[in-house]
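Visitor: Residue numbers (this note's numbering), protein chains in the order written: chain A, 1 to 250; chain B, 1 to 223.
Check the hints yourself; a few may be wrong.
[As the list claims (entries may be wrong)] Straight-line Cα separation of at most 25 Å, SDA-like style, residue types lysine to any residue; simulated pairs:
hint : chain 1 : residue 1 : chain 2 : residue 2
1    : A       : Lys-170   : B       : Ala-7
2    : A       : Lys-170   : B       : Thr-172
3    : A       : Lys-51    : A       : Arg-221
[What the hints assert, rightly or not] Interface residues of chain B toward chain A, partial, derived using beta-carbon atoms under 7 Å:
hint : residue
4    : Arg-50
5    : Ile-51
6    : Ala-54
7    : Gly-79
8    : Leu-156
9    : Leu-162
10   : Leu-166
11   : Pro-169
12   : Thr-172
13   : Leu-175
Bear in mind the hints are in silico, worked out from the structure with no lab data behind them.
Every residue gets a Cβ at the ideal spot worked out from N, C-alpha and C, and that includes glycine.
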Amino acid sequence: MLKYANPTNFLALAARLIPWLAAAAGIALAVGLYLTFFVAPDDYQQGSSVKIMYLHVPAAWLGMMCYMVMTSAALGTLVWRHPLADAAQKAAAPLGAAFTLVCLVTGSLWGKPMWGTWWVWDARLTSVLVLFLIYLGLIGLWQTIEEPAQAARAAAILTLVGVVNIPIIKFSVDWWNTLHQPSSVFRLGGPSISASMLWPLLIMALGFTLLFFTLHLMAIRNEILRRRLRRLSIMAAAAEDPEMTAEAAQ
Amino acid sequence: MNSPLAALFWRELRIARSIGGGGAMGVVFFLILVSLTPFAIGPDLNLLSRIGPAILWIAALLATLLGLDRLFQGDADDGSLDLFMMSSTPMELVVLVKCAAHWTLTALPLIAAAPLLGLTLGMEPASLAGVAASLFAGTPALTLLGAIGAALTAGLRRGGLLMAVLILPLTTPILIFGVASAAAASGGTVPFHTPFLILCGLSLMAIAGAPFAAAAALRAREA
Numbered sequence: 001m002l003k004y005a006n007p008t009n010f011l012a013l014a015a016r017l018i019p020w021l022a023a024a025a026g027i028a029l030a031v032g033l034y035l036t037f038f039v040a041p042d043d044y045q046q047g048s049s050v051k052i053m054y055l056h057v058p059a060a061w062l063g064m065m066c067y068m069v070m071t072s073a074a075l076g077t078l079v080w081r082h083p084l085a086d087a088a089q090k091a092a093a094p095l096g097a098a099f100t101l102v103c104l105v106t107g108s109l110w111g112k113p114m115w116g117t118w119w120v121w122d123a124r125l126t127s128v129l130v131l132f133l134i135y136l137g138l139i140g141l142w143q144t145i146e147e148p149a150q151a152a153r154a155a156a157i158l159t160l161v162g163v164v165n166i167p168i169i170k171f172s173v174d175w176w177n178t179l180h181q182p183s184s185v186f187r188l189g190g191p192s193i194s195a196s197m198l199w200p201l202l203i204m205a206l207g208f209t210l211l212f213f214t215l216h217l218m219a220i221r222n223e224i225l226r227r228r229l230r231r232l233s234i235m236a237a238a239a240e241d242p243e244m245t246a247e248a249a250q
Numbered sequence: 001m002n003s004p005l006a007a008l009f010w011r012e013l014r015i016a017r018s019i020g021g022g023g024a025m026g027v028v029f030f031l032i033l034v035s036l037t038p039f040a041i042g043p044d045l046n047l048l049s050r051i052g053p054a055i056l057w058i059a060a061l062l063a064t065l066l067g068l069d070r071l072f073q074g075d076a077d078d079g080s081l082d083l084f085m086m087s088s089t090p091m092e093l094v095v096l097v098k099c100a101a102h103w104t105l106t107a108l109p110l111i112a113a114a115p116l117l118g119l120t121l122g123m124e125p126a127s128l129a130g131v132a133a134s135l136f137a138g139t140p141a142l143t144l145l146g147a148i149g150a151a152l153t154a155g156l157r158r159g160g161l162l163m164a165v166l167i168l169p170l171t172t173p174i175l176i177f178g179v180a181s182a183a184a185a186s187g188g189t190v191p192f193h194t195p196f197l198i199l200c201g202l203s204l205m206a207i208a209g210a211p212f213a214a215a216a217a218l219r220a221r222e223a
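For reference, chain B alone in the conformation it holds in the complex (with noise of 0.2 Å):
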């Protein structure tokens, strides 16, 4: 494995780790949202259960894209960002591949905790399943979104919170048909599929479209 690619993939991965976690930093957060959410509403177990996937949905939300306004930021301020727009590798994959290194460390450990975190909210075992499954189709979405708006206000100085003021209304339908298949794995009238595809679509739109949209504001940053 040694295409440029490949190579750009470890080094997220390396940068990460030596760095101190993001991924494990981002469940944290993740776990911290979660268990708030009974102190704020209360310990009523039957509501909790019932709530449970849309809280484990919008902690999961807030988690991914907290940690993504940093996607772009550390490659502009030291220079690396120049280096990969000049080199042959197009940059609609340069994008691609540094969002499938942040899903892997920050989603995929989310993912996992999830179906734990469900537990303390009283979920039945279908729903736990449900939600960890419409968080592995949904999460990729989240991140392919968030870069575009990481991609737009990388190097701004109140970057991070306008990033999430430009995002979070676009992630809207993937929230409710996330939601919805979570829902709709422990029971109820519209059977699970149908969310769910609808669900996987969102993402594989946002995997075709997005690497172009953040790569097109990556390169509006230059004159």
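Isolated chain A, as found in the complex (with noise of 0.2 Å):
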């Protein structure tokens, strides 16, 4: 495990597992969205409309998850200062902010058949946004901060801090009276939702996660690559400046 802390076998592994995982994360979603569409079955108050579920639930998932693994990745930076978690929490951040941005859209479209509106404010959607904000925050800390692990600690920081909110989210339909409904596959005495629907479901949360860690290992790769260029470019401008050699040695 330790030699993938290396960059360049980090890399190499990256290079091995992305194809691979990309197609599973493909054949995941094409399997899930088969059985979304042609075999799960209707609800019978809902009709077709429940079919969002299937995007929706799993996107929701994701875009929690993907704020534990910053978290983690956030653990990294401020304890073994490891480069390499620095790029792991910033290639994070804009995936969580899409995921949870699908989360956000999709449960909106189906709110407005369902609920008759296209937001409430009620506390597990409010949470929800406020996840979404918080990543929108941290891609401009990141932006902002031009030394990459200046940036990486502080954003290390803020995410630490907002790590608050992923519980209030999981337990805001059970601390709240909320329209949104309350969790029915991870509960006391198993799922409550019919197999029909839970398979489909996990299949489409499979090939999510799936896709998840595709984009993120690409995304690692390239902000190492993008930080390699950034001091190749510095070493380069130091060769015409000597002045400038100080700066490149660290």
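Both chains come to you apart, so use the hints to assemble them.
Guide: This is how it looks when you write it as structure tokens:
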């Protein structure tokens, strides 16, 4: 495991893993979408609009999982000051924002026919919106601080502060009376959702997870290359101007 | 009172006074925000008195946060921040004392002004007391959360706006329970102390946790 903490070894590992992960994600998503549209039954109340659940729920899970991945990377940044953890953190933020946005948009589209409104200010919706705003704030922080290692430490601290929101999202449907329905998959006493709907949902969730790891690895690879390019350009500039050699050595 | 922390507290107050009353400016900003709202909503006193606590809280939130971006900026610019870091006094306590001074300078006048402004919005006496009490309990959490943002953005060129973007989402629970306890004071189904105690809890958590995050963020600026 430690061998892959070296960025060069990590790049080699990523190059070998990415095609397999991408293929697995493609297969899982294809199977999941097929099951969603042709096998999974319509809901007796909601009709075929229930099918948006197969996008909405995995996107919500991934939006939160991505934050947890970012939190572990943030610990890696603060405790070990490892550049790979910095890259993993930075790469996860836009992905998490994208999954959370998909969750919010599909939820809104689902809410219009079912609840009669695009949006309600209940605890679940608001806490997910706050998660989205935290992602945007983190992206803004990454873009504002120029020095990558310094940006990573600042983002790590903000990530750890913002992690309080994750349990609030998870338990918001239990703590408050919300229009959003309570959890029906991960609950005491087993899922309350029918197996004919649970299986397509889990396969879609697997597809989303594989998609996330594919994109995350690709983004980490890009970030490592971007850092190398930055260092090379500083060194090239230093070769022309001896006064900058000290900065390049850092 | 010769301890370094007391000295720091008085230093903060002296600096604020010498550069022209940061506290007074915050109250003026608060006054402008509150008086703009009736122009936007219309001078319907029934409506204004109902949403009065919310108006006062939003205005207090913005007035507190807008003053906070300078919390560490001046010290970062003139090098006193580096002196604080090198001193034997823990940075966490320095942050806490700076926040206490900032809260005394900006939040206390704001809390004093809030009931007066509430009168112009046609709020009931019970509701006025509720707003003042909830602001008193909630503004420490706002100041301390803002200190994390100020520490993260100290020394950045576009720091002010970024700080608001980073911190405002995290202030949602404080706003929710602050307005809830202010509204509960003037009657309603929830007893006043339920949201009020949660608000106090949020402030205590911020006092316990935020100085560590802000101090870590200040250290992260160094290599």
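Visitor: Going through the numbered hints above, which ones does this structure break? Give me the numbers in ascending order.
Guide: 1, 3, 4, 5, 6, 7, 13
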